[in-house]
Every structure is written in structure tokens, then in C-alpha cells.
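Asks: Following the numbering used here, the residues of the sequence shown are numbered contiguously, the last one being 373.
Keep in mind that the hints were calculated from the coordinates and are not lab data. Any given hint could turn out to be false.
[Stated by the list, open to error] Mimicking EDC-like on lysine to aspartate or glutamate, the simulated pairs with C-alpha atoms at most 16 Å apart in a straight line are: (1) LYS324 to ASP339; (2) LYS294 to GLU259; (3) LYS165 to ASP175; (4) LYS294 to GLU333; (5) LYS324 to GLU337; (6) LYS324 to GLU280; (7) LYS222 to GLU251; (8) LYS241 to GLU251.
[To be verified] Label-pair restraints from in silico Cβ distances: (9) SER351 to GLY258: 29 to 37 Å; (10) GLN372 to GLY196: 17 to 25 Å; (11) GLY331 to HIS276: 18 to 26 Å; (12) ASN263 to ARG359: 34 to 42 Å; (13) ASN263 to ALA157: 19 to 27 Å; (14) LYS294 to GLY255: 15 to 23 Å; (15) GLN372 to VAL307: 34 to 42 Å; (16) GLY296 to ILE340: 21 to 29 Å.
Think of the CB as a built atom: it goes at the ideal place given N, C-alpha and C, for glycine as much as any other residue.
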Amino acid sequence: MTTSLTVRAVLAACSFAFVSSALAAPAPDFVEKLTAESRPLEDRVRDGARRPYQVMQLLGVNAGDTLLDVGAGGGWFTRVLSAATGPSGKVIAQFGPRALQRENGQAQKDLAASLGNTEAYFGNVGELPANSVDAAVTALNMHHMNAERAGPYLAEIFNVLKPGGRAAIIDHVGVPGANNGQLHRMLPSDVKAWIQQAGFEIVTESDILRTTADDHTLSVDDPRLGRDVDQFLFIVRKPQR
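Let the hints inform the model, and build the full structure from the sequences given.
Replies: The following block contains the structure:
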């Protein structure tokens with residue numbers, strides 16, 4: 133049942149996605165890998181809300197690209213990026229040096245090894261070679277930032293992207309006047325300003341991850357929300373120059 137629903141959800145997204153980003157050409161078996169039973173069930177059940185196919189199309193991912201998952205966490209986006217770029221591409225799953233303090237980062241190393249085209253990177257994004265990545269994702273990381281921290285963080289992503297490279301910036305929507313820090317949310321308008329200050333061009337501010345089921349009053353971890361958390365998505369680009 134879950135697999136069938138996932139297949140329908142992914143395929144329903146395809147027509148929208150191709151219209152939105154006609155130049156994107158992910159690996160030919162991308163949809164097959166998204167719906168495969170070898171992909172963790174807990175990943176697949178999130179596809180309806182997280183829309184991996186659509187996000188990769190908007191991001192313009194092509195087979196063979198070098199991709200970066202910033203603050204990769206449990207690896208949901210790492211697995212999606214791996215499937216999208218395919219065996220001729222490469223994914224850098226960035227965890228930061230503190231991840232090595234837990235069993236020497238073995239869980240992260242195992243994740244990378246299971247995917248074949250992925251490197252577990254335990255360093256800061258700013259230490260990666262400049263102009264080396266085609267596209268990047270930072271998901272649910274920005275709500276930990278304030279203006280002072282966001283500038284250097286986005287500058288590191290900007291630096292590692294190739295000219296013309298894109299990034300997807302995703303997080304939980306907050307509203308003015310709320311205690312967004314406690315709720316693990318943030319104002320999209322703040323992120324938009326930080327993006328522009330970092331030198332990025334905004335390609336699109338997409339509503340594909342938005343939901344009216346979330347009234348923004350609960351913590352994103354509140355079980356009453358389930359998976360219906362309102363999220364913003366910016367696709368940004370490093371200028372060609």
C-alpha cells in the first residue's frame with residue numbers, strides 16, 4: 133500500500149516538474165529508485181510532503197552532477213540526491229566535525245557506503261574546494277541561524293558552488309510575532325533577505341512544500357502536526373561570472 137501510494141505521488145509530480153524545469157535530466161532510473169523497497173520506508177512515507185522529484189527538477193539536477201547535502205542529518209536528502217545524480221555523479225553528505233564524536237561517525241559512513249556514489253564529509257562547507265559543486269541542498273538548518281550566523285553560512289555555500297550552480301533552501305515557516313525559535317520555525321522574509329545579501333539570485337520561491345494544515349502555532353515536533361508542516365522552498369543561483 134505505501135509503495136503504491138509513493139509511486140502515484142511521485143508520478144503525479146512529474147508533469148508539473150518537467151514544465152517547471154525542462155532542462156533538468158536526472159538519472160534515468162531516478163523515479164524507480166525513489167519508489168524501490170530498498171529505500172527506507174520511513175523515507176518513502178515522507179515523499180508526499182517533501183516532493184523529492186519536484187524539488188530535484190526545480191533544482192535542475194542532472195545525471196553526473198556533483199551535489200552537496202549541507203547538514204545531512206539522517207540522510208533523507210542524501211539518498212534522494214544520490215538517486216538523482218546516478219552512478220556517474222557524486223554526492224557529498226556534509227555532517228560537520230562534531231558528528232565524529234558519536235562512534236567515530238560510523239552511521240554516516242555506513243550511509244555513504246550503502247549508496248556507492250556518496251562521500252561522508254566531516255568538515256565545514258567552507259573547507260571544500262571553491263567552484264566544485266553543481267547544486268546543493270540545505271534543509272531544515274536555517275532556523276538555527278540568526279542574521280550574524282546566516283551570512284557566513286550562506287557565503288560558504290555560495291563559494292563552493294560552480295558559477296551558475298543552484299541551491300535549494302528549505303525550512304519550516306514561521307509568522308511574525310510568534311516565538312519562532314522555540315517552535316523551530318523562521319520567517320521566509322528573513323531568509324530571502326539573507327539570500328540576497330549573500331549574492332545569490334533567487335530563481336524561484338516555490339509553494340510546492342506549503343500546506344494549510346499547519347497554522348504555525350505548534351512546534352514542528354508536535355505529534356498533532358504529523359508530517360503536515362508548512363515549509364518554504366527557495367531555489368537560488370550563484371551568478372555566472
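Asks: Taking the hints in turn, state whether each one holds.
Replies: Evaluated hints:
1. LYS324 to ASP339: 14 Å, holds
2. LYS294 to GLU259: 15 Å, holds
3. LYS165 to ASP175: 12 Å, holds
4. LYS294 to GLU333: With a Cα-Cα distance of about 14 Å, the restraint between LYS294 and GLU333 holds, given a limit of 16 Å.
5. LYS324 to GLU337: Holds, at roughly 9 Å.
6. LYS324 to GLU280: With a Cα-Cα distance of about 15 Å, the restraint between LYS324 and GLU280 holds, given a limit of 16 Å.
7. LYS222 to GLU251: 8 Å, holds
8. LYS241 to GLU251: Holds. LYS241 to GLU251 sits at ~8 Å (cutoff 16 Å).
9. SER351 to GLY258: 29 to 37 Å: Hint holds: Cβ distance 31 Å, inside 29 to 37 Å.
10. GLN372 to GLY196: 17 to 25 Å: The hinted range 17 to 25 Å holds for GLN372 and GLY196, with Cβ atoms some 20 Å apart.
11. GLY331 to HIS276: 18 to 26 Å: Since the Cβ atoms of GLY331 and HIS276 sit about 22 Å apart, the hinted range of 18 to 26 Å holds.
12. ASN263 to ARG359: 34 to 42 Å: At roughly 37 Å between Cβ atoms, ARG359 and ASN263 fall inside 34 to 42 Å, so the hint holds.
13. ASN263 to ALA157: 19 to 27 Å: 22 Å, holds
14. LYS294 to GLY255: 15 to 23 Å: Hint holds: Cβ distance 19 Å, inside 15 to 23 Å.
15. GLN372 to VAL307: 34 to 42 Å: 36 Å, holds
16. GLY296 to ILE340: 21 to 29 Å: Cβ of GLY296 to Cβ of ILE340: about 23 Å, so the range 21 to 29 Å holds.
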